[in-house]
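Protein chains: 2
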Amino acid sequence: MNDFSERMNQYKSAVEAYLESRFTEELPQRKLFDAMRYSLLAGGKRIRPCLVLEFCRVCGGDWEKAIPFAAALEMIHTYSLIHDDLPCMDNDDYRRGRLTNHKVFGEAMAVLAGDGLLTAAFSTAASADADAKTIVDVVSVLSVCAGETGMVGGQVLDLEGEGKHLGEEQIWTIHALKTGALIRAACCIGVLAGHGTENQLAAAGTYADSLGLAFQIRDDMLDVLGDAEKLGKATHMDEKKSTFVLLYGVGKCAQMIEKETQKAIDALDAFDDRDFLICMANKLAIREY
Amino acid sequence: MNDFSERMNQYKSAVEAYLESRFTEELPQRKLFDAMRYSLLAGGKRIRPCLVLEFCRVCGGDWEKAIPFAAALEMIHTYSLIHDDLPCMDNDDYRRGRLTNHKVFGEAMAVLAGDGLLTAAFSTAASADADAKTIVDVVSVLSVCAGETGMVGGQVLDLEGEGKHLGEEQIWTIHALKTGALIRAACCIGVLAGHGTENQLAAAGTYADSLGLAFQIRDDMLDVLGDAEKLGKATHMDEKKSTFVLLYGVGKCAQMIEKETQKAIDALDAFDDRDFLICMANKLAIREY
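Residue numbers (the working numbering), protein chains in the order written: chain C, 1 to 289; chain A, 290 to 578.
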């Protein structure tokens, strides 16, 4: 357990140091950089970049070389939060205990900060110290998982579902795309960066799908049961949205988290050194924020 | 001249056929695809994709293989228009003679359609039938030119400059980033796709910079002098913005267009077959919409 925290901190520090070094040039569009950095450096659990680095490592790769890929993923995650919070979307004032991007920098700048981060994810990935084939594979996974058949597609389904009574399958699809796709990207990109086998790539995808689902169910539970202070955002906000808790109730949700967490752990047979990834799954299943 | 129109039409048709084939899957997020296609297939001059294909061809490359790169560029250009037109940005109701994206699909969907197109540009580029090194170089140029030190940076400077009296250097910088960067990307990506020399890459950049500047000055002139019907959007709308016409007057602007067009043409010495690119520069200098 201590090993987990230590490695997690090592990964987080490395990714944050890299992110901290970006968008610092003294250029006329300095305010854009401020807006991008405001959200990018707002803390957060950094789960996705840590998954990139650990999957790279367990495949025998040099995780430090995968830092730009990890950072690219965090840029995409961050841009999606900025755009999600916009008045025309979820209209949230707080995120991670701080004012949302548009509350500080205005709507126009928030749109552009999101656009800037999304675009920078790809220049960052392209700049990695890796062979060209690996970079192309990473760009491909990243853009497909973040795009119209992945995260952005899920965001649309989520918006369209507001105020409607959604069926089980629809809710599963929304979360598989909106949250799941980027977690899948993280795990698979780690394997690509570490030159893992096809078998390991498939296993990482399976782990990611179950981890992502458990993560989302836990998210829904925390939204109902959670402590606003710990979460850093208003709770009970998603009442107009169909959630796993509304669909199944709290008890069944707890069981589902347990089941998906076990499925994630079972998928790790393809890797020799699985302690960190097992611990990650167990920790996320019981997280409080 | 006839050769120019013929080749231009050939390129346009090829790119439009490719774009037409995209985002057609019958998926639950179909409405997102509709919104993306609405703006992507709204006509437009398709200058950027045609520059990609022609620069590829004059470097001895197979321009048909560069179509995904050309389409990626058009996706980025289109997303930038959708986000520019948003109420929190320029708040435009019409574009190319049709209602803007958010007027038809709503603001939230317009933000997401833009995000989807920007992301899809990179999955499209990554899917091209080209060697991995070329794809990485293309992704790199595309993301740097479209990103925080390119187009998005220019958009921020443009917004911040609204209602202010800007100096000559500031206006040049805004346009170099906001319009120029993507035209530069188009020309350079064409050379990369055609495996041109370093010398040709530099020449394409010089051509692009002068062409882009002439293009923007002509744009400013048309905004003042133009015919709203031909332009398909309201004219005189940019009065709150500092433009080349406000700075230099119409007469000086006409001279500058001539000078920059000549500079663009002079840069073409690095290529054997320059007729199309010369004609492109001359046509853009006198365009009416």
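Heads up, some of the hints might be wrong.
Said to hold, decoys possible - Covered, in the sense of this in silico footprint (three residues per stretch, anywhere, with C-beta under 8 Å from a C-beta of chain C), are these stretches of chain A:
1. 385 to 399
2. 418 to 424
3. 432 to 440
4. 480 to 489
Keep in mind that the hints were calculated from the coordinates and are not lab data. Quantities reported herein were computed from a predicted structural model and do not represent experimental measurements. Just so it is clear, CB atoms sit at the ideal spot from N, CA and C, and this is done for glycine as well.
Tested hints:
1. By the rule of at least three residues with a Cβ nearer than 8 Å to a Cβ of chain C, the coverage given for the segment 385 to 399 of chain A holds, with 4 such residues.
2. With a threshold of 8 Å between beta carbons, the proposed coverage of the segment 418 to 424 of chain A by chain C holds, since 4 of its residues qualify and at least three are required.
3. Residue count for the segment 432 to 440 of chain A with a Cβ under 8 Å from a Cβ of chain C: 6. That meets the three needed, and the coverage hint holds.
4. Residues of the segment 480 to 489 of chain A lying with their CB closer than 8 Å to a CB of chain C number 0, which falls below the three-residue condition for coverage.
Checked against the numbered hints given earlier, the structure breaks only hint 4 and satisfies all the rest.
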